[in-house]
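A.B. asks: Protein chains in written order, with this note's numbering: chain Y, 1 to 355; chain S, 1 to 355; chain W, 1 to 355; chain L, 1 to 355; chain C, 1 to 355.
Honestly, the hints are just simulated from the structure, not real lab data. Bear in mind that the values here come from a model prediction, so they are computed numbers and not experimental data. Cβ atoms here follow ideal geometry from the backbone N, Cα and C, with glycine treated the same way. One should not assume that every hint holds.
[As the list claims (entries may be wrong)] Computed cross-link-like contacts, BS3-like style, restricted to lysine-lysine with a CA-CA straight-line distance of at most 30 Å: (1) L:K351 - C:K351; (2) W:K227 - Y:K224; (3) C:K227 - L:K102; (4) W:K353 - C:K56; (5) S:K224 - L:K351; (6) Y:K290 - S:K352; (7) W:K219 - Y:K227; (8) L:K351 - C:K350; (9) S:K217 - Y:K217; (10) Y:K351 - S:K353; (11) S:K350 - Y:K352; (12) C:K195 - L:K118; (13) W:K162 - C:K26; (14) L:K118 - L:K42; (15) L:K224 - S:K219; (16) W:K326 - S:K326; (17) L:K195 - C:K56; (18) S:K79 - L:K169; (19) L:K169 - S:K102; (20) Y:K27 - S:K195; (21) C:K162 - C:K56; (22) L:K224 - C:K224; (23) Y:K227 - S:K227; (24) Y:K290 - L:K351; (25) Y:K227 - Y:K27; (26) W:K79 - Y:K162; (27) S:K352 - Y:K353; (28) Y:K326 - W:K326; (29) Y:K219 - S:K227; (30) W:K30 - W:K326; (31) W:K227 - Y:K102; (32) C:K217 - W:K227; (33) C:K217 - L:K217.
[Stated by the list, open to error] Example chain Y residues on the side facing chain S (calculated, C-beta under 8 Å, incomplete): (34) L20; (35) H22; (36) K32; (37) R98; (38) I287; (39) V297; (40) L298.
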Amino acid sequence: MQKRRYIKISKSAGLIPGSLVHIGEKKAEKQKITIFDYNVEKYEEREINNIEECFKFKEKPTVTWINIDGLHDVKTIEKLGNNFGIHPLIQEDIVNTRQRPKTEDFDDYLFLVLKVLKINEKNSEIESEQVSIILGVNFVISFQEYEGDVFNNIRERIRNNKGRIRRMKADYLAYSLVDSIVDNYFGILEDFGEKIEDIEDNLINSPRPDTLEDIYKLKRTILKLRKSIWPLRELIVTLTREESQLITDATNIFFRDVYDHTIQVIDTIESYRDMVSGMLEIYLSSISNKMNEVMKVLTIFAAIFIPLTFIAGIYGMNFEFFPELKWKWAYPLWWILVIAIGVGMLFYFKKKKWI
Amino acid sequence: MQKRRYIKISKSAGLIPGSLVHIGEKKAEKQKITIFDYNVEKYEEREINNIEECFKFKEKPTVTWINIDGLHDVKTIEKLGNNFGIHPLIQEDIVNTRQRPKTEDFDDYLFLVLKVLKINEKNSEIESEQVSIILGVNFVISFQEYEGDVFNNIRERIRNNKGRIRRMKADYLAYSLVDSIVDNYFGILEDFGEKIEDIEDNLINSPRPDTLEDIYKLKRTILKLRKSIWPLRELIVTLTREESQLITDATNIFFRDVYDHTIQVIDTIESYRDMVSGMLEIYLSSISNKMNEVMKVLTIFAAIFIPLTFIAGIYGMNFEFFPELKWKWAYPLWWILVIAIGVGMLFYFKKKKWI
Amino acid sequence: MQKRRYIKISKSAGLIPGSLVHIGEKKAEKQKITIFDYNVEKYEEREINNIEECFKFKEKPTVTWINIDGLHDVKTIEKLGNNFGIHPLIQEDIVNTRQRPKTEDFDDYLFLVLKVLKINEKNSEIESEQVSIILGVNFVISFQEYEGDVFNNIRERIRNNKGRIRRMKADYLAYSLVDSIVDNYFGILEDFGEKIEDIEDNLINSPRPDTLEDIYKLKRTILKLRKSIWPLRELIVTLTREESQLITDATNIFFRDVYDHTIQVIDTIESYRDMVSGMLEIYLSSISNKMNEVMKVLTIFAAIFIPLTFIAGIYGMNFEFFPELKWKWAYPLWWILVIAIGVGMLFYFKKKKWI
Amino acid sequence: MQKRRYIKISKSAGLIPGSLVHIGEKKAEKQKITIFDYNVEKYEEREINNIEECFKFKEKPTVTWINIDGLHDVKTIEKLGNNFGIHPLIQEDIVNTRQRPKTEDFDDYLFLVLKVLKINEKNSEIESEQVSIILGVNFVISFQEYEGDVFNNIRERIRNNKGRIRRMKADYLAYSLVDSIVDNYFGILEDFGEKIEDIEDNLINSPRPDTLEDIYKLKRTILKLRKSIWPLRELIVTLTREESQLITDATNIFFRDVYDHTIQVIDTIESYRDMVSGMLEIYLSSISNKMNEVMKVLTIFAAIFIPLTFIAGIYGMNFEFFPELKWKWAYPLWWILVIAIGVGMLFYFKKKKWI
Amino acid sequence: MQKRRYIKISKSAGLIPGSLVHIGEKKAEKQKITIFDYNVEKYEEREINNIEECFKFKEKPTVTWINIDGLHDVKTIEKLGNNFGIHPLIQEDIVNTRQRPKTEDFDDYLFLVLKVLKINEKNSEIESEQVSIILGVNFVISFQEYEGDVFNNIRERIRNNKGRIRRMKADYLAYSLVDSIVDNYFGILEDFGEKIEDIEDNLINSPRPDTLEDIYKLKRTILKLRKSIWPLRELIVTLTREESQLITDATNIFFRDVYDHTIQVIDTIESYRDMVSGMLEIYLSSISNKMNEVMKVLTIFAAIFIPLTFIAGIYGMNFEFFPELKWKWAYPLWWILVIAIGVGMLFYFKKKKWI
């Protein structure tokens, strides 16, 4: 009844290494290829249908950004990859959306895999989309699973020549893409933090089976977030170690800034994790508390009325020789006895702090 | 009543080091030896009965792959090992199936031990089989506990000259074997993931003692998986450190790709582990929840009817001087009192949110 | 109903890197700029309104300390930063109060971010304020979110030429600021330690749902403390590694002293953490103990009086042929039976150590 | 009533460092000294009473193995140590049986401390005995707490010239001793594994207070095993790092083989640990399950019969004006009512899946 | 009502760095200064009142050991420190008893801080005292909080020229002090181990709320022990790294011996920690077991007598048309029914293994 949560991952098992097979859901209907070509003086933006149109940009001294939305048409990606000299294994990685974030340094280009997070509006769960980035001497190629809005502000900055982007080289463009993705995490985490708080709020006071399920879901989501974001740290450390020729010193300081943001993101996730991991114990304690309450109510009622019922039972017996039954004040005295016992019990429970 | 889960591991204790004793279950009836000998132009495939037949391939410049299914006939393995110059301790390791995955670098050959995972169709538990691989200058020898199908796709590729395998050297063949084994893990993990989900599904809603047993079994299986797969990481790191002469640069990049896959497998196992390790707490919370429910039902019944029984008991007493008994409206008034108390209690429990 | 505990962190997402936006609550009404300029012979202290007034101090050989309280007026900070040659990304970090403690070494200045802790007097929670420090050749610039008293003792020492501060260079002033912040932690931790003890005191003896909430709050606070203080260790290690030209050997030994203090602070936090992390289990055990008590009371009452009620019920039956009812000593014998059973039960429970 | 489990460890505190005091239980009655002296051609075996008799072997080119069972006669050990040039601190270590496994490299001899495990047949607990080994150029001295059988197979191999032992040097003898000890662990662990399984078998199905005690004992034993075996890993790594002149390359590969076995032993212990550490939670869950069962039985009985008793109580009242009592079909109707209520309740609990 | 457990630690906050303030309890009434001056031929021991008297020993070639008990008279310590050239920050560390164990290497002297453990005889809790040691070329200065007996055996050895102490240099004296302190830990740990066993003994069989409190106290004590002893490991590693000129090779081997002891101490503490950390779970399981017992008793009584009471209630009804009441054998039959039901229930519970 529940949608399977794990993507089939075994689809490519047994294939020849380096063979291109799109692994993952087909999220976009049509592949969309857009090109930005710019330097400080001018810029050109166009959408193309035929991948061959972008080959000419490879040798141009201007910065070229080729963005491809949709990975299911592997033919296009293969053509592009072969033209730009991308290793077949890297092409395989691009179309296989179960990569973990990583970077690989071939001398003439850098390959980055990252995850963009997104809140699914239907079930408000966090989903991740794979973005691959190839940084060459004067070009950047980015691959997305579907058309997203995470890079829109970069497009705006190129169009309007805001900030330093048009003055810098391709490495700064690659930095900007990474920075956008990391910045995007903050919003996601903020939303998620609010969800945690909502659950916290009724954790101690009104624990219900639903809460248990919610906590479990939080745990799963944090697992997912960690899996998407932890490897990023290593990725950016590798980039800032200044070993690649492709990243200039001027851009390196910006990558160090992204590194700081990544650490903040990871810190936040770890805080969330610590918080959530304590929740189950709190929940269990809360349930025990409630049960204790229930038990006390039961015990108070039972301990007061069971003895009284016994006393009533005594005088309901039918012995022939039963002197008390004939006493004139027996009934009122009986009431005094019963009330005395009842009040005594109440005092006893009061003293035990049960009521 | 239950089959012992631990293989006798002490069989070889006290033996002379380097003496060949097959340790493990005898899983194959007959040892089967197959030879593939190929280069880019031609290939030869044959099954042999006499191990001496393969000695002549040792010096041939073509790539030779000797595959042996069944480890119980240690004589054959000793002859082969001595002819190819394999150290006696390595021969001992090959026939002792309780190795953990490892690699050893002798200058003229590399020795690898890996585990192939398999789902036992009878009890749907995951079992592991040991595969040893020896990579020499122009030969690869692989040892399996029994005839499996994990290498079939490689055989197909050699036969049909698909991909680059016929164009590459023995190191690429060794890579292909390792890659097949790692690829095979994905399918196993996928199946296992579905099992976890099934148990999750009735964890919160219908926890039963069975569920407890299932969780425990999941835990054990994950322990087993980790034991088989974790050491693989180190193994492949050692291979990719490019120290051995036997692995060329061209193949090294493929081993890095296998490394990425291994990390993905390990990541998945760790996710599973985190999920399962939280399950017990969830289960315990769920049970507590159910018990709370039971307690509430008990308390509501007891707290309503015990006082009412007492009230009925009062008027069952046989005192002679008992004015209420003679009142004309006593009985109807009694009913009003009883219903009022009952309804009052219900309101009280309603307010406490117990019903 | 509850104030959101997480500051909106996504405010700057999507902005151009290096653009100055104040992120965090506006805690001060007005920005306040104070300048201390001193050497061993004389000192000058003044408050200025116009940031340009402090530019002239940049080249003076005396030590200049510019302190800015209030970060919301980013224009002032930008002017100051540009005049003193501070990198735009550092300017961005100064006004963004969600930094984690870190240090960055530009050749001609050092940038430090620290957290000052403060107990909010209203809800007695621990709050953290960001303090940024820039150490140049002969100047120190410090940025606080609002006017605090953590640096007052340093101001006194400069005014009255106490200790060695007026004899030393700017690096010693920077050390003094860091030392003040770390010293300040001890008081905060002491208060916090007392709070932990208070909760401990009624953890075992009188566990209540409130205690659960308190423990959860302690956990959160420790998470916050760790987040603010752990990175400090690395920060100071970096400073003491003697790599920066700006820190002389004479001052370095003082930084090593601060390092020791930081380790003590971290040790204390970790002790607190260990203590608090065990509290929940203790609480749960305590609740279980209490429930056990309640159960025993219930069981004793029920086990004694339910059988007795039955015995009374027997003789309340109306059978016509009921010999006991006519016996003369039936009633006294009945009492003897009932008391014997009651006392027997009490002995039984005594033997079980329930009473 | 219970034997103290911790050996007095403070006996030597306050003594002059290097003074020989036997610390530990006196396990052997009489010290027994045996000598093996061999090369590939001949061998000599003898038991001596006077330690001076073995001094002459020191300079002989043949391999000499002196084995001493029983550590309480410190005089003998001191004489031997002084004659062979063993540092006083090492002599102290030999007779002090609370060492942890370690190795120390003096240029002309290597000192090893290991633990032999043994199952005490009386209480079937695992006990550890300390074995010290000194490896010199052409001699090996081993010290055991009492006469054991762990080295018997080595004695046999020397006597019968089996394997390569007579052909190799003293370092191979030392290896053989270490290998025997490590091989011995496998049998111990196997027994222990069966014990774990036995407890597992009745963990879920029939949890009893005994099980709890068993689990606790397993935990303690694993602690003990880890303490004895973990340091071995480091010990052997140190030996294989090939730094000592005393270990030849030919023997080094055998030590690497022991290393693999040690890792397998440690892996097994860690698996056991993981299994046992989950047992307590399982046990707790199982107990909760049982309690839930008990509660349900109680609730079903109480919820069915308490209301019915009330209904019976109504018609036991003695009101004079009580119309139902006179009705002719009152009694049969009453039964119908009571059965209807009882059956209704049963259906209700059926629906709740309690029965 | 409970003595605060945390020493005020904020006393020095805000002071000028390097100012001497005694932080900690004043444990000794009067400061006591004793001097030992010795070489292999002669020794001199004296107690002085005026600190100046010891200045002349500074330049003597004999080994001088100045021991100061009581830290509250900071003047004396300042004078001594200035005369022997001790850095003001080190002087501050000596009188501030909240140091963690550490070592600092100034070229002409080594500074060590250690903790001596002591069992408070009143409440049998473990307390720690700070001991600082300064090792110069031919002098050792030790500072204790109060006069203790931990160094008495060293004094004896100097007086009686036992062992090698009079033949060695100041570094061996420093080693002897450290060794005494570490040896002292064994006795403390042994006592503590017995305490753990006592609590273990009644953990499973007779768990009471007191046990819970005891476990919590054990946890706190272990935290304290770890805090005092863990840093020692690093301290001694630093000393044995042979970097300081002040420690000769001959003494270095003795420090390695202390290192082994320290590791043993730490191992023991970690074992204790593992044991204690499992205790809470065992306790909780034990309590659950007990509760289960209580529940069973309740359920058995309730399930047997509530139905019987109902049956008695039936025949207590006053219907006029009530055929059974008139039957002659009704009452005996009723007893047969009741006993049959009771016995049936007992069998049922027997089958369920509740009784």
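A.B. asks: Taking the numbered hints from earlier one at a time, note which ones the structure violates and give those numbers from smallest to largest.
C.D. replies: 4, 5, 14, 17, 30, 34, 35 and 36
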